[in-house]
Structure formats: structure tokens, C-alpha cells
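> Residue numbers (the numbering used here), protein chains in the order written: chain A, 384 to 657; chain B, 227 to 547.
No wet-lab data here; the hints were simulated from the structure. This structure is a prediction, so every number in the text was calculated from the model and none was measured. The beta-carbon is built from N, C-alpha and C at its ideal position, and this holds for glycine as well. Among the hints, erroneous ones may be present.
[Said to hold, decoys possible] Just so you have them, the derived chain A footprint on chain B, three or more residues with Cβ under 8 Å:
#1 283 to 292
#2 312 to 319
#3 325 to 333
#4 336 to 343
What follows is the residue order along each chain.
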Amino acid sequence: MSAARFYNSELRLVLLRRRNLLLLAVTAIFPLIIGIALRLAAPHPDGGNGGGPAFFSQVAGNGVFLTFIALSTLLILVLPVVVAVVAGDSVAGEAGYGTLRYLLAVPAGRARLLAVKYGVIVTFGLCATFIVSVVALLAGTVLFPVGPVTLLSGTTVSLADGLLRLLFVTLYVAAAMAALGAIGLAISTLTEHAIGAIAAVMILVVTSEVLDNVPQLAAIGPYLPTHWWLSFDALLRAPADTATLLHGLLSFGVYAVLSGSFAWARFTSADITS
Amino acid sequence: MQPPSPATSPLTTTAISTSERTKRFRGGQLAVDHIDLAVPPGAVYGFLGPNGSGKTTTIRMLLGLAFPTSGSAALLGVPMPDGATRVLHRVGSLVEGPAFYPFLTGTANLARYDAADRTADPATARARIEGALDRVGLLAAAGKRYRHYSLGMKQRLAIAAGLLQPRDLIILDEPTNGLDPQGTREVRALIRQIAADGITVFVSSHLLAEVEQICTHVGVMRTGRLVFQGSLTELRHTGAARVTVRTADPEAAAKVLAGLDLADPQATSGEASAVLGGVSPEQICAELVHAGIGVRGFAVTSPSLEDLFVGLTGEGFDVSG
Ligand SMILES: Nc1ncnc2c1ncn2[C@@H]1O[C@H](COP(=O)(O)OP(=O)(O)OP(=O)(O)O)[C@@H](O)[C@H]1O
Ligand SMILES: [Mg+2]
Numbered sequence: 384m385s386a387a388r389f390y391n392s393e394l395r396l397v398l399l400r401r402r403n404l405l406l407l408a409v410t411a412i413f414p415l416i417i418g419i420a421l422r423l424a425a426p427h428p429d430g431g432n433g434g435g436p437a438f439f440s441q442v443a444g445n446g447v448f449l450t451f452i453a454l455s456t457l458l459i460l461v462l463p464v465v466v467a468v469v470a471g472d473s474v475a476g477e478a479g480y481g482t483l484r485y486l487l488a489v490p491a492g493r494a495r496l497l498a499v500k501y502g503v504i505v506t507f508g509l510c511a512t513f514i515v516s517v518v519a520l521l522a523g524t525v526l527f528p529v530g531p532v533t534l535l536s537g538t539t540v541s542l543a544d545g546l547l548r549l550l551f552v553t554l555y556v557a558a559a560m561a562a563l564g565a566i567g568l569a570i571s572t573l574t575e576h577a578i579g580a581i582a583a584v585m586i587l588v589v590t591s592e593v594l595d596n597v598p599q600l601a602a603i604g605p606y607l608p609t610h611w612w613l614s615f616d617a618l619l620r621a622p623a624d625t626a627t628l629l630h631g632l633l634s635f636g637v638y639a640v641l642s643g644s645f646a647w648a649r650f651t652s653a654d655i656t657s
Numbered sequence: 227m228q229p230p231s232p233a234t235s236p237l238t239t240t241a242i243s244t245s246e247r248t249k250r251f252r253g254g255q256l257a258v259d260h261i262d263l264a265v266p267p268g269a270v271y272g273f274l275g276p277n278g279s280g281k282t283t284t285i286r287m288l289l290g291l292a293f294p295t296s297g298s299a300a301l302l303g304v305p306m307p308d309g310a311t312r313v314l315h316r317v318g319s320l321v322e323g324p325a326f327y328p329f330l331t332g333t334a335n336l337a338r339y340d341a342a343d344r345t346a347d348p349a350t351a352r353a354r355i356e357g358a359l360d361r362v363g364l365l366a367a368a369g370k371r372y373r374h375y376s377l378g379m380k381q382r383l384a385i386a387a388g389l390l391q392p393r394d395l396i397i398l399d400e401p402t403n404g405l406d407p408q409g410t411r412e413v414r415a416l417i418r419q420i421a422a423d424g425i426t427v428f429v430s431s432h433l434l435a436e437v438e439q440i441c442t443h444v445g446v447m448r449t450g451r452l453v454f455q456g457s458l459t460e461l462r463h464t465g466a467a468r469v470t471v472r473t474a475d476p477e478a479a480a481k482v483l484a485g486l487d488l489a490d491p492q493a494t495s496g497e498a499s500a501v502l503g504g505v506s507p508e509q510i511c512a513e514l515v516h517a518g519i520g521v522r523g524f525a526v527t528s529p530s531l532e533d534l535f536v537g538l539t540g541e542g543f544d545v546s547g
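Taking the hints into account, I'd like the entire structure generated from these sequences.
This is the structure we're talking about:
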């Protein structure tokens, strides 16, 4: 009950920041730009985009695929930035303002404050992910024909089945962002400089993505935090590749638990000197 | 709603007590060195000390913000920092200046802190926030963004945050920092009002003059150590009275004073003085006349509180620590 009030206050604080609203607006605009660009390139159904994920060429035939294209494109940088900003700012920002000492003197409770912060980070990541999916779906419907979905495995399923798979894909991506949010929260407990924490999260993401693309390092690939992000295409097969999905979810869970424990251990024992 | 305070029998527990409380920062800096605070309930306790003497660090430990290196402490009888979530809602605080969200209004800022308090009743939040703003005279600026507040308004908002709930103890770290004389007077009046409601007040300052008029007790810090603690009257009694003789021949007069076994005899131009001790002024006067010294003036003076304070903390301009 009191936790719900604190959570609402925290969520309102995050959603009131113009910077955060701008980030959500950006996540909404990107799928539109991608959709329009693909529409302009559409006259050559099987040309272009050869290097992209398997479903890039499918969009001309079915607008639903714009959602998968948008999610996989934004997962490289835009969605991680959105989550990094809110997560990196979460504790470090309060420390920077000096409000952290007053929240703890209220007393908000250290573990409780951390839990509420994390809840809002997850919510924000979920919002951003759903904005991408919903805007892309709407844009795809307007710009392209929509109908039964031909999966990557060649099977064709009904539109309803396709949309259900889209829902699961979106939730999978949101889970990936929740794990990144936990990493961001942990980093945020280490500093009073929000910008520093945000930058550190982004450096981590980009480093992980680069290492994941070095063939010689294939052995460590599966342990990198970003490795399983794009594995949601496992849902676009019949039957779905559940082993890959579970691997991904396990990776997210492990990162979230490890980071959460680190954040808790650090935050409940640190002197608040800001 | 119950009236603010003596709700939980503060009369039987010390408001603040610490024993051998010590804080050594990771860099090795010993900021607080084995201090034993005892703040009686209902007191207005002035916590004095020069810059860097460890006042803020002590307050951070009292509030569970910084963890002690050793020693124990209790707020309103509850051990800290373990009991933080059990007792801090009865304690209002201002630590090292106000801190709020610049992009929120005064009201929204108070609502934010209130929402973080699990003991706060959301149904009364609005009334309590308005009441607190009213108390510090900030109602007119309640809808303004904190970013646009003046220094004095910020300070008032911080005190208002300390008054959101009925409290038994208020801890204020340099509440008049940066205020003009008018603002300083207003804060002092506010502290008097708070104390009149029976709330124990613990207020830090580096100026004795600033808190002298409102305090019943003082603790004096110097380089992390508590060098004096007691009532103002007790502080006054620590000062030794001096006898001062105005005369044309201060050297001779100082000799007479020394001859009477008075401590610290001094001769300056036109004056001789010494610590009075147990000798009666009448006897000193008679001896001076007997020695043929022309006495132009004779006075017995007790040191001012300010002198005593400076004596305890040292006069130097350099920060301690
Ligand atoms: N986080 C920290 N790390 C290391 N040393 C610190 C830290 N915070 C304070 N100190 C040191 O501890 C000592 C006491 O500092 P503190 O802030 O408690 O003094 P203060 O009495 O509040 O001074 P002021 O009147 O200037 O506010 C100082 O020497 C300071 O340099
Ligand atoms: Mg201080």
C-alpha cells in the first residue's frame, strides 16, 4: 500500500522529466522512419537489405514484419540508451541532487528505495518496448498489406497467431531491457554522477556487442549480456525454438539477479556522503 | 490526530545518546573521535564547532546515512543505524543544506518526500503539506518551481520537510547557513516555536552567537572531539573571573597580584590583570593601596560565552582536521 504510493511517486518523477519523455518520443519516431524508408524502397521486393535479419525482406509482403524490423534495429542502440538513461540516473541522480540523503532520512528504507527504483526502471523499459511494437504495427498496417504471417521456417500462420507471437517477442525484448536495467541500477549505486553512470552502461552495451561479433571470441559470446537480445526470432519459427528462448531468459535472469544483489550489497552498506 | 509529541514518552528516554561514537573515513580521516552525546528530551541543544570539526559527520551517523567505525548511538531510545526505519519517521532533519528536485514545485517536492514515508497517511498528505508550508511562511511560493526559489526559501522548504509529520526530535545542520540577518532571526523564531511544542531540537552551528539565545544546552566540537557538553550555565561556570586594575604602573601592580598567588598575572599598557581565584577583591584592593599603587580603576570580569567558546575551539582561522 505505502509501497504503491512510493512507486507512483517515483514513476511520476521519471515520466515528468522532459528528457525521458523525449526519449520515449524518439522510440516512437524511429519505427515510423524505418517504415517509410522501407516503403520507399519497396518497389524491388527481393532487392536491397540483403545484410539485415532474415525478416527484413518480408515487410513488403506483410506489414506485421515492420515490428520485428523495428525492434531488432532499435535494440542495437536506441532501446539500450533509453533504459541506460533511466537506470543510470536512478540512484546517482538522487545522490547528485542531494535528495538521496533526505529520502533515506524520511526514512524510505534502503532496500525499499532500491526495489521501487528497479520497479520503475522495468516499467519504463516495458513502456519503451511496447511503444516500438505498437507504433511499428500501426505504421506497418498503414504502409503495407497485412495478412496471414509467413514465419521464418516457411510455415504460414493466421494473423491472430502472428500478433500473439509479436506480443511474446515484445515481452522477451522487455525482459532483456529489464536485465540491462538491473545492470544500470548497480552501476548507478557507485557514483553521484548520473551522466557517468549512463555512459558506463552504454560503454558496457557497445563493448558487449562488439565482442559478440568477434569470431575468435565465440566461446565467451553466450555469456555476454547482449548476446541473447536478438534471439527473439526463435519465436518466429514453427515450432518455436524454445531452447534458445530459455537460454536467453536464463541469461537475463542471471544478469538481473547478480546485478540486483550487487546493487543491494553496495547500497545497504555505503555511506551517503552526497 | 494526536498532538505533535510527547506521544511516545520522550520524558523517560534521552533524545540522543551516543557512546564512544567514532567515524574514520576510508581515506583515513578521523572525522569523529569517540564522542559521548547526551541530549535531554525537550532540550534545545546547540552543537557547536568550527568548520571541519565533525558536526555534519556526527549528524550523518545519527541519521543512519553514514555508518560508524565504532561506538553506539540511540535516537529516542532506538539503537542506530539498525533501528533507522523504526525511529526516523519521528525525527525531522536538515543535513548540509536543503536538497530538492529543481524541476518540481515546493508542494510537489514535499509530496515526494511524504510519499517515500511508509508511515505517512496519504489521506492527510495534502493538509499536512499545506500546514508545513504555512508554518515556515512559504504558502505563497508553494506553486513555484524549486529552481526559482531564493536561498532563504530553499532553507524554509527544508525545514518544512522536517515538519511534515508530528516529530519528537528535529535535527538541524546549520539551518541559518547563507541567510541574511532577517532570515537568521526568522529561523531562530521558528526553532523557538518548535521547541515550545515540546519537540527536542538539535541544532548545529559554527557560531555560538547564532544559537546562544535559543539553546538550553551546548556541545562543543573540536577536531572530531567533544570538548564540552552541558547547559549554558555550566559553560559559563567553566570560565574563570579575572581582576583588572587600571593604573599608571602596571608592572608594580602585576607584582602585587602575583604576590597574592593569583594565576596568570599580566601587565599591559595602563592595566594589570590576573585570574581572581579564591582571593577576595576587597583584599586585592587593600594590598594594592598598601603597596602604594595609584589605582585608577578596578574591575572583576567574567569571560563572555564567546570568549569561552573560542577558548574551547581555538582561535585560528584555519579549519580543523
Ligand atoms: N566523505 C568524506 N571522506 C573523507 N573525509 C571526510 C568526508 N566527509 C567529511 N570528511 C572530513 O571529516 C571532517 C569533518 O567534516 P564535517 O563535514 O563533519 O565537518 P563540519 O563540522 O560539519 O564542518 P562545517 O562547519 O564546515 O560544515 C573534515 O576534516 C572533513 O574533511
Ligand atoms: Mg557541516
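> Checking C-beta pairs, does the stretch 325 to 333 of chain B have three or more residues closer than 8 Å to chain A?
That given contact holds, which follows from 6 residues of the stretch 325 to 333 of chain B lying within Cβ reach (below 8 Å) of chain A.
> Is the coverage entry for the stretch 283 to 292 of chain B by chain A consistent with the three-residue Cβ rule at 8 Å?
Since three or more residues must qualify, the claim that chain A covers the stretch 283 to 292 of chain B holds, with 5 doing so at under 8 Å.
> Are at least 3 residues of the stretch 336 to 343 of chain B within less than 8 Å of chain A when you compare beta carbons?
Answer holds; 6 residues pass the 8 Å Cβ test.
> With a Cβ-Cβ cutoff of 8 Å, does the stretch 312 to 319 of chain B contain at least three residues near chain A?
Since three or more residues must qualify, the claim that chain A covers the stretch 312 to 319 of chain B holds, with 4 doing so at under 8 Å.
Going down the numbered hints, you'll see the structure goes against none, and every one checks out.
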